[in-house]
Amino acid sequence: MTQTYLPTDAPPEQPQPTPKVWKWYDYFTFNTDHKVIGIQYLVTAFVFYLIGGLMAVAMRLELSTPNPDWLDPNLYNAFMTNHGTIMIFLWIVPSAIGGFGNFLIPLMVGARDMAFPKLNAIAFWLNPPAGALLLLSFIFGGAQAGWTAYPPLSLITAPIAQTLWILSIVLVGTSSILGSVNFVITILMMKVPSMKWSQLPLFCWAILATSVLALLSTPVLAAGLVLLLFDINFGTSFFKPDAGGNVVIYQHLFWFYSHPAVYLMILPIFGIMSEVIPVHARKPIFGYKAIAYSSLAICIVGLFVWVHHMFTSGTPPWMRIFFTISTLIVAVPTGVKIFGWVATLWGGKIRFTSAMLFAIGLLSMFVVGGLGGVTLGTAPFDLHVHDTYYVVGHFHYVLFGGSVFGIYAGIYHWFPKITGRMMNEPLGRVHFALTFVGTHLTFLPMHQLGLQGMPRRVAMYDPQFTAINQLCTIGAFVLAASVIPFAINVIWSWISGVKASDNPWNALTLEWTTSSPPLIENWEVLPVVTHGPYEYGKDNETLKGLEEAAPAI
Amino acid sequence: MKQIPASLLTLIAGIGITLISFWVGQHHNLLPEQASEQAPLVDNFFNVMVTIGTGLFLVVEGAIVLFIIQFRQRKGDESDGVPIEGSFSLEVLWTSIPAIIVVGLGVYSVVVYEQMGGFSLSAHGGMAHGHASVLVAQAPGDAAVTPLISETTTPTEPTPTDAPQYGIGATPLEGSQAADLVVNVTGLQYAWIFNYPNSGITAGELHVPVGKDVQLIISAQDVIHSFWVPQFRLKQDAIPGQTTELRFVATKPGTYPVVCTELCGGYHGSMRSEVVVHSPEEFDVWLHENQIAQASGVAQTVAVNPVDLTPSEFLAPYADALGIQSEAIASLHSHHS
Ligand code: HEM
Ligand SMILES: [Cu+2]
Ligand SMILES: [Cu+2]
Numbered sequence: 000m001t002q003t004y005l006p007t008d009a010p011p012e013q014p015q016p017t018p019k020v021w022k023w024y025d026y027f028t029f030n031t032d033h034k035v036i037g038i039q040y041l042v043t044a045f046v047f048y049l050i051g052g053l054m055a056v057a058m059r060l061e062l063s064t065p066n067p068d069w070l071d072p073n074l075y076n077a078f079m080t081n082h083g084t085i086m087i088f089l090w091i092v093p094s095a096i097g098g099f100g101n102f103l104i105p106l107m108v109g110a111r112d113m114a115f116p117k118l119n120a121i122a123f124w125l126n127p128p129a130g131a132l133l134l135l136s137f138i139f140g141g142a143q144a145g146w147t148a149y150p151p152l153s154l155i156t157a158p159i160a161q162t163l164w165i166l167s168i169v170l171v172g173t174s175s176i177l178g179s180v181n182f183v184i185t186i187l188m189m190k191v192p193s194m195k196w197s198q199l200p201l202f203c204w205a206i207l208a209t210s211v212l213a214l215l216s217t218p219v220l221a222a223g224l225v226l227l228l229f230d231i232n233f234g235t236s237f238f239k240p241d242a243g244g245n246v247v248i249y250q251h252l253f254w255f256y257s258h259p260a261v262y263l264m265i266l267p268i269f270g271i272m273s274e275v276i277p278v279h280a281r282k283p284i285f286g287y288k289a290i291a292y293s294s295l296a297i298c299i300v301g302l303f304v305w306v307h308h309m310f311t312s313g314t315p316p317w318m319r320i321f322f323t324i325s326t327l328i329v330a331v332p333t334g335v336k337i338f339g340w341v342a343t344l345w346g347g348k349i350r351f352t353s354a355m356l357f358a359i360g361l362l363s364m365f366v367v368g369g370l371g372g373v374t375l376g377t378a379p380f381d382l383h384v385h386d387t388y389y390v391v392g393h394f395h396y397v398l399f400g401g402s403v404f405g406i407y408a409g410i411y412h413w414f415p416k417i418t419g420r421m422m423n424e425p426l427g428r429v430h431f432a433l434t435f436v437g438t439h440l441t442f443l444p445m446h447q448l449g450l451q452g453m454p455r456r457v458a459m460y461d462p463q464f465t466a467i468n469q470l471c472t473i474g475a476f477v478l479a480a481s482v483i484p485f486a487i488n489v490i491w492s493w494i495s496g497v498k499a500s501d502n503p504w505n506a507l508t509l510e511w512t513t514s515s516p517p518l519i520e521n522w523e524v525l526p527v528v529t530h531g532p533y534e535y536g537k538d539n540e541t542l543k544g545l546e547e548a549a550p551a552i
Numbered sequence: 000m001k002q003i004p005a006s007l008l009t010l011i012a013g014i015g016i017t018l019i020s021f022w023v024g025q026h027h028n029l030l031p032e033q034a035s036e037q038a039p040l041v042d043n044f045f046n047v048m049v050t051i052g053t054g055l056f057l058v059v060e061g062a063i064v065l066f067i068i069q070f071r072q073r074k075g076d077e078s079d080g081v082p083i084e085g086s087f088s089l090e091v092l093w094t095s096i097p098a099i100i101v102v103g104l105g106v107y108s109v110v111v112y113e114q115m116g117g118f119s120l121s122a123h124g125g126m127a128h129g130h131a132s133v134l135v136a137q138a139p140g141d142a143a144v145t146p147l148i149s150e151t152t153t154p155t156e157p158t159p160t161d162a163p164q165y166g167i168g169a170t171p172l173e174g175s176q177a178a179d180l181v182v183n184v185t186g187l188q189y190a191w192i193f194n195y196p197n198s199g200i201t202a203g204e205l206h207v208p209v210g211k212d213v214q215l216i217i218s219a220q221d222v223i224h225s226f227w228v229p230q231f232r233l234k235q236d237a238i239p240g241q242t243t244e245l246r247f248v249a250t251k252p253g254t255y256p257v258v259c260t261e262l263c264g265g266y267h268g269s270m271r272s273e274v275v276v277h278s279p280e281e282f283d284v285w286l287h288e289n290q291i292a293q294a295s296g297v298a299q300t301v302a303v304n305p306v307d308l309t310p311s312e313f314l315a316p317y318a319d320a321l322g323i324q325s326e327a328i329a330s331l332h333s334h335h336s
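Quick mapping for you: the protein sequence lines, in order, are chains Y and F. So for the first sequence, numbering that gives the first Met the number 0 puts the first residue at 0; every next one is plus one. So for the second sequence, numbering that gives the first Met the number 0 puts the first residue at 0; every next one is plus one.
No lab work stands behind these hints, which were simulated from the structure alone. Yeah, the Cβ is synthetic: ideal placement off N, Cα and C, and Gly gets one too. Misleading hints may appear alongside valid ones.
Partner residues aside, some chain F positions facing chain Y, computed with beta carbon under 8 Å [as the list claims (entries may be wrong)]:
id, residue
1, L30
2, I67
3, G80
4, S88
5, E90
6, A98
7, G105
8, A202
9, P239
10, W285
With the sequences and hints as input, model every part of the structure.
As structure tokens, this is what we get:
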């Protein structure tokens, strides 16, 4: 069953002789088309991913021996700080929300563009200068206080670089606020009337929850950072302990944004998962409502867990306990999603496309990351492992396993729609295998390092940890290598891959009713929604009567 | 296989997973040795979480692997799967089981936290002053508390005093008793300074007697540091402008690392020291040797930026601990009266 189209009385307005496909140079201009902007976000983010990844490899190389051999410890800290900042603010957030959100949201709700196309372009164009500022900061030594930039350290180390770092984050934050306003309005106001709320694709629910969260929390981060900027440059003393300031207040402001920020990173990915899995398992998503509501639940509870990053800091006992409980509670809606995806696999006809491999890979790794997260959420245990490699292992399982795998899954899934060409599947499988092995090899041993006594953010460590660190370093090289087949695949397929049909996966969401790649205004005639986004197996004559013979375990 | 009913297979799998989980929970060997009274509490809690975690891991990952094998697309089959959209009872089940687990863990963590001493901060915190270098408290090494606060000290101008509000305090067993030994811990780039207010000793490592109730009053000179002894399972940030505390009883003689876990600058990774847990007799010997050594005295230096100093240069003024002590006593006195 495919879409039916509105009968039009009058002949449609004669389409202007505009080209149907963008030329390469269009992608370097201030273009207001949501699809161009989406691609701009994705490509820019990938460039930053490579830069951030190189910094990570440099750090892992340094950590293959206990002594600071070839990176000066201050430079190490600059790499560490900028690696984290880039990966969070210039890779995951822009690619998942900016890239996929922009490309897909109007297509999924049946709109011709975002609500405010110019605002959208402005939001994107704040990103390149933000990245440039960050890289520029290396001339001044590079920000070295970690991506958390806790004062007083951030007040006294490399002040010019730290200032540039703040300006850069404020720019991305502004971009994210502008983008979020746009998403909320687009989803709420521009959905085709024939689409019921219960037919809204889960990716849209996820972006809606993400945008609301970004609107609530980003201004708080901006406030904290601006105060920090004043302390560094203009002699105020909000966070200077020797002048009456309070260093713990900064941590509250920072984490009030930055814990929700981990959900900003992961919710859109959850959305991608909810689109990719049903299509390639040929099954309706299991528990549509539960998955949609759990996004909203995560969004609300996620605002009340930030102190779990501060258990060892200036945190009174009642807070340690209150935030232990609230943190543990977030695990429940997260679990609901995981179980929903696993149940979606049950009874399916699973196609092992590259997209699906990455989606299943994400699922299997998020289980590990989530279980680690629950242990960290309990104050008594966190007192032992806070700020150690155990935490580094945990958040890379959720961030790398959770987010990066999801972004790859999304790219393999929507590449035919975005470019009109298929990606090479065997190369995709090589990419998946390398990434999967590399991720475990790099991040699993880190849990043990942390439990045994290795702190995080160090350029030198106790020699007893050498062997495990070398294992992690080898893993990092496998991960670095894994990017090569991917990059080759994308570039080569984009130029001369097999031409894709409009709907190569036989998917049911609206974006697949456009041509591949979509026309400039998406549709000649807006589509009418006649069925839900995930009704696989229904109306399918060959399956009628087979339902009783449903596979049994 | 066909003849075995599914429920039986499920039962066997369930028993298997339970057994494996319990075994892993007890034998993972991931934690370093236990050397404080808090360590077994934390470890038991962790083992319970590992047990539950292993169980959940096996069930979920097992299901994923099972499903992707069993429900893979067979050659030539282009049809769709079964259109199951949800199951209310199943969803209620898998929402409530994790909910029960996390509530259980939440309650358990409150119990552990309370037994660790998390709720009774500085029963004797009135001793503490905002700057660790002027902290003072009871006589070391002796369970019979000998308060040093002298009523004869003249109060000087009132200084703001604040007891440590953060950290781990006395365990319920210790109740409101004062600690046997109080040590002021100061973090600075990139060293830990341990000052024994009652013996006038200042050292670069921490020495404590085994089996005695030790209270660390932690502060920071420049940036945030974090005091961690992995074998004690205890950690607390050293925060400039605020004092924090950690109270523990070391249970096993030996030498353990003291690690700084809060990023404090380029050489953060080298900010390592040691805690030496002595037998009580050894500890007394150490105490006396060091008292004699440091009594020879080092001239008090004027305030300099500690960042520019080597640890030993920084240590110098602290050796003159008696002068510091009287000031502290004075300010405390004014606080209490
Ligand atoms: C949803 C995806 C998640 C992401 C992207 C994420 C990311 C992170 C990051 C970046 C950190 C490091 C903070 C630092 O720099 O110190 C962290 C720490 C932490 N995470 Fe997660 N996390 C996620 C899920 C979870 C979950 C589900 C839980 C608990 C149920 C959790 C609990 C924690 C806790 C308690 C810490 C603090 C640990 C510490 O610093 O001692 N996280 N996470
Ligand atoms: Cu330090
Ligand atoms: Cu440090």
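Hints versus structure:
With 8 Å as the threshold, the beta carbon of L30(F) comes within range of chain Y, its nearest partner Cβ sitting at about 6 Å, so the hint holds. At a threshold of 8 Å, the smallest CB-CB gap from I67(F) to chain Y is about 6 Å, leaving the interface hint in force. Taken as an interface hint, G80(F) checks out: its beta carbon lies about 4 Å from the nearest beta carbon of chain Y, inside 8 Å. Because the smallest distance between the Cβ of S88(F) and any Cβ of chain Y comes to about 12 Å, over 8 Å, the interface hint for this residue is violated.
Among the interface hints, the one on E90(F) holds; its C-beta lies about 5 Å from the nearest C-beta in chain Y, closer than the 8 Å criterion. For A98(F), the suggested interface contact is upheld, since its CB lies about 5 Å from the closest CB of chain Y, less than 8 Å. Checking G105(F) against chain Y by beta carbon gives a least distance of about 5 Å; that is within 8 Å, so the hint holds. For A202(F), the shortest C-beta to C-beta distance to chain Y is roughly 21 Å, which exceeds 8 Å, and the interface hint is violated.
About 4 Å separates the beta-carbon of P239(F) from the nearest beta-carbon of chain Y, less than 8 Å, and the hint is met. Residue-level restraint check for W285(F) is violated (minimum Cβ-Cβ distance to chain Y is 24 Å; threshold 8 Å).
Comparing the model with each numbered hint stated earlier shows that hints 4, 8 and 10 do not hold.
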